[in-house]
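Undergrad: Chain residues, written in single-letter form:
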Amino acid sequence: MPGMTPVLGIRYPCSGDTIDSSVFANFTNDIQAALLTGDAAVASAANRPAAQVQGETPTQSVVINTATVMTYTTEVFDNDDMADIAVNNDRLTIVTGGLYLCGAQVTTLTGFATISSMTVNLTVNGTTVYRYKTPGFGFGSAQINRVPLDLNAGDILRAETRWTGTGGPANLSYRELTAEMIASH
Amino acid sequence: MRFTTNHDIPCLENEDYAGFALYMQCLAEQVEARVVADQAAVTTFLERPVAIWTQSTVLAAGSSTTGPLGTPTTTYRWIPGVNNGTLNIRGFWHIGVYSNALSSAPVVGNHRTAMLYVWQPEATFQDINALDTDAAVAVLQDATWESNTTNGEDLLSSMVVYNPGTPLRTETEIGMQFIFGLATEAAGVENVTFTSTIWAAYLGDTPNIALGS
Chain A
1 MPGMTPVLGI RYPCSGDTID SSVFANFTND IQAALLTGDA AVASAANRPA AQVQGETPTQ
61 SVVINTATVM TYTTEVFDND DMADIAVNND RLTIVTGGLY LCGAQVTTLT GFATISSMTV
121 NLTVNGTTVY RYKTPGFGFG SAQINRVPLD LNAGDILRAE TRWTGTGGPA NLSYRELTAE
181 MIASH
Chain B
1 MRFTTNHDIP CLENEDYAGF ALYMQCLAEQ VEARVVADQA AVTTFLERPV AIWTQSTVLA
61 AGSSTTGPLG TPTTTYRWIP GVNNGTLNIR GFWHIGVYSN ALSSAPVVGN HRTAMLYVWQ
121 PEATFQDINA LDTDAAVAVL QDATWESNTT NGEDLLSSMV VYNPGTPLRT ETEIGMQFIF
181 GLATEAAGVE NVTFTSTIWA AYLGDTPNIA LGS
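Which chain is which? The protein sequence lines are A and B, in order.
Counting from 1, position 79 in the first sequence corresponds to residue 79 in this note's numbering; the numbering is continuous, with no gaps.
Counting from 1, position 183 in the second sequence corresponds to residue 183 in this note's numbering; the numbering is continuous, with no gaps.
Looking at chain B on its own, in the form it has when it is part of the complex:
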């Protein structure tokens, strides 16, 4: 019996006539193994990691807040790593933030800003605490205008970011942090409740690209 070069599919030769049964068993088992592997790959493709966080925070006039995202409220196969805000799989991610700012009083003359930062890892990255926060980049930013005591005002922004990994680590982390603030231009003292949703959904890896020959 011989085997094909790429997938090792068995092939009978003249002297193998008595081995039909064994040949068919081997072929059946190999076909099953390939199909089951393909099914598993498809399942992995569909069952991608997703995390959605929700927060509610009250801010006084002229203040801002930052902080860890904490535990996601909705997760699909999320791999939290060291910190729940880390995107610890190489590839493309759809990230975004939605925040509704509801004023306690109809004071005008303020505006709200929300930003979603993505941190780049240091070359000698070891854990989340070693992230180079000086290199933090605000990848999303949105602002809105006056107060509203009925339905609030909304901030909404999203984009796709890429976690490049490293040549030695295919699962390198980049960090995500949500920052929002309330700037008051008038002498208002109203509190504003920010009800926010932040998300990260894994879209997929990039194909391997070989350079040179």
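Next up, chain A with everything else stripped away, as it sits in the complex:
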């Protein structure tokens, strides 16, 4: 009657058992399975969920003093299926819950509006959780650089922008939204 380790179930013969090639095969395969379990854990730690989407061309038009959800055209990186630009080009949908460092940034082109302030918001399921506003210098630029968010699977992360000034609409030449998990629940 073979024995078995308590956690990973590696089978080994006990005293009096017949030891043939099948016993060695089970033993070897079980050890490989155990090592693969360890490999998977290490790979998971080294590749924590992270995604970034950005948009540059075409530009996104935003009218004056109106909070507007930013949209993206390019998936820069995504190892947890958080981005799906073909279906929803304005968001990252969290797949694995945990603590994330998130960020967003926006920049406008010059010449279409005179911008006196530029704001970028991070929203979770439609509620603003971080907001940053900067003065404009003809053009506008604002960013939220890596803030922590306690996110659950299914949460929708988006970024909004708003500008004040004259003229317009303003054309957003660069948009970016990022989320990277740093700790598990």
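For the record, the hints were derived by calculation from the structure and aren't laboratory data.
Treat the hints with care, as some may be off.
Now the in silico label distances, taken between C-beta atoms and shown as ranges [what the hints assert, rightly or not]:
hint, chain 1, residue 1, chain 2, residue 2, range
1, A, Thr59, B, Thr195, 32 to 42 angstroms
2, B, Thr71, A, Asp17, 56 to 66 angstroms
3, B, Glu15, A, Asp20, 17 to 27 angstroms
4, B, Thr71, A, Asn47, 27 to 37 angstroms
5, B, Thr73, A, Asn26, 49 to 59 angstroms
6, A, Pro58, B, Arg34, 50 to 60 angstroms
7, A, Asp84, B, Thr73, 30 to 40 angstroms
Covered by chain A, according to a simulated footprint, are these stretches of chain B (three or more residues, beta-carbon under 8 angstroms) [to be verified]:
hint, segment
8, 1–13
9, 22–30
10, 91–98
These figures come from a predicted structure and were not determined experimentally.
All C-beta atoms in this analysis are idealised placements derived from N, C-alpha and C, irrespective of residue type, glycine included.
With chain A fixed as given, assemble chain B onto it according to the hints.
TA: Chain B in isolation, oriented as in the chain A frame:
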């Protein structure tokens, strides 16, 4: 039976043929122990301490406030130590502050400042009360300009700090304190509500470095 020098992995010798069963049991148990230990290390790596505090404070014109951070509103395996604002594990921390300042009236001519201080421990550090507050260093500072009665104005800053520990104490504490103020340049009397988020997330220790030979 012999054992390897580094990991004590058993190895049969010629006279151990009858000990196959015992050999395989020993090897299986050792492989399991190593893999389980590695899994635990990975779990520890992912389950790092994090604390997030939220506050809401109303300030009158020309005033400022400081104080303990109090109890975190969100924690991940946080080790509060003596004071909830202490970073009591050696290594790198990502710390930051976000504050939205919302005016009760559209009075212009004021600005807001937020600072996050990190205290260095004294050489004879015993507890939080012995921290050398004279040596407090503002590691983060941000300021914003005029009032806003609709969405408020925002302060946001973050950085990575390192808690060096000491040769005798690998878990030495450094303290964190949030200070924000409202300076009024005009004769305004409006109140400003500061809604703030402060955080500290442990990123990891530094590898041991041996100097000399």
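Undergrad: Please name the hints from earlier in the document that this structure breaks, with their numbers sorted from lowest to highest.
TA: Failing hint: just 8.
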